[in-house]
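Listed here are the chains, written in short residue letters.
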Amino acid sequence: MYMTRSQFEHIAAQLRQKVLKISTQFFSSRYDAEDAAQEAMEQLWRYCEHIDTDRNIEALAVRVAKNCCVSLYRHQQRQAPTANIDTLARNHQEPGASPQQLLEASDTQRLLNETLDLLKPRERQLFDMRAVMGLSTDEIASQTGIPKTSITAMVSAARKKVFTELIKRMKQ
Amino acid sequence: MTNKDIQTLINKFLAGLTSPQEELQLTQALQQHNSLPAEWQAINLMLGELTQGEAAYDTIMSQRNSHSASSKPSAILVALRFISSAAAIYLVGLFIWLQLQPAPKAQMTYTPKIEQSKPAPQPAYCTEGTPREILMCYIEHRKAQPDTYKQLKQMNNEN
Chain A
1 MYMTRSQFEH
11 IAAQLRQKVL
21 KISTQFFSSR
31 YDAEDAAQEA
41 MEQLWRYCEH
51 IDTDRNIEAL
61 AVRVAKNCCV
71 SLYRHQQRQA
81 PTANIDTLAR
91 NHQEPGASPQ
101 QLLEASDTQR
111 LLNETLDLLK
121 PRERQLFDMR
131 AVMGLSTDEI
141 ASQTGIPKTS
151 ITAMVSAARK
161 KVFTELIKRM
171 KQ
Chain B
173 MTNKDIQTLI
183 NKFLAGLTSP
193 QEELQLTQAL
203 QQHNSLPAEW
213 QAINLMLGEL
223 TQGEAAYDTI
233 MSQRNSHSAS
243 SKPSAILVAL
253 RFISSAAAIY
263 LVGLFIWLQL
273 QPAPKAQMTY
283 TPKIEQSKPA
293 PQPAYCTEGT
303 PREILMCYIE
313 HRKAQPDTYK
323 QLKQMNNEN
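Chains as they are written, first to last, in this note's numbering: chain A, 1 to 172; chain B, 173 to 331.
Incorrect hints may appear among the rest.
Said to hold, decoys possible - Computed list of lysine-lysine pairs in DSBU-like fashion (alpha-carbon distance at most 35 Å, straight line): (1) B:176 to A:161; (2) B:184 to A:161; (3) B:184 to A:171; (4) A:148 to A:120; (5) B:315 to A:148; (6) B:176 to A:171; (7) A:120 to A:171; (8) B:325 to B:315.
To be clear, the hints were calculated from the coordinates, so they are not data collected in a lab.
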């Protein structure tokens, strides 16, 4: 059973506090932390109708918040590749991605998508549930009704298939 | 995490047996490598965006924490700073206290008292009674304080 929008709205304030705490720990600027928290809440809002009600929504919110923080941070690094006063003041500068690296990242993402398209629908579903949604085997079993041993076998088969295909394409 | 540990986790991942926590550890380990072999790059791609973002967050936070921990002064340095500060405050206080004390008089000189010669004290004893009693009393006193009488006698001789 999936969560509804009204259910999400009911816990949104509590989730926002959690998400804001994560982003405040990451960013020294209050505005950046607010931006990251807002982005995380927006993503959760869009995704909430796909979240199982049994799932630990707070854990998911923390993961999404961390992702949003890292995305915003990398975006800022790309916007200001040279060190400026703000980034030096933050004292945690990470080398920004060059255009070549961005192109490579785009290529590898396309490669992965093409490889995932080769999977059977059921394999793709289970692969996504593990990799994209970050669900554990127990959670997948409770959502799909498939026995855990079967899930493990199917996820393993899907991963090996993707791995083999990726290696083949990367070496071409 | 060693390369052997990473490979063990990769094998476990491909077998579908890793927990989300182990996948997070694997992602962190792969992100710390600068140049990954093709097989590990493929695994890194498969680990999922959520896990990669979470691992990157944790890595950045741990780097910051280690950086801030290394920039913290050691306990000995803190203690030395505290002691030197306390000593400086004490010295300043002492200086101010000395300034507040009244200055000694500059014209005060040592002038020893010149004792004026006084007449020798007359003995207040052996003044009553018969002459014999007075004489006996005097002799007894002389026996009791021979040095004093010796000095008195010497002074009389000098005079």
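So, going through the hints one by one against the coordinates:
With a CA separation close to 23 Å, the supplied pair residue 176 of chain B and residue 161 of chain A stays within the 35 Å bound. Restraint check for residue 184 of chain B and residue 161 of chain A: satisfied, since their Cα atoms lie roughly 15 Å apart, inside the 35 Å limit. Using a Cα cut-off of 35 Å, the hinted pair residue 184 of chain B and residue 171 of chain A holds, with the two alpha carbons roughly 24 Å apart. The hinted pair formed by residue 148 of chain A and residue 120 of chain A meets the criterion: a straight-line CA distance of about 19 Å does not exceed 35 Å.
Between residue 315 of chain B and residue 148 of chain A the CA atoms are separated by roughly 127 Å; this puts the pair beyond 35 Å, and the hint is violated. Distance hint between residue 176 of chain B and residue 171 of chain A is fulfilled; the C-alpha atoms sit about 23 Å from each other, no more than 35 Å. With a CA separation close to 24 Å, the supplied pair residue 120 of chain A and residue 171 of chain A stays within the 35 Å bound. Restraint check for residue 325 of chain B and residue 315 of chain B: the C-alpha separation of about 14 Å stays at or below 35 Å, so the hint holds.
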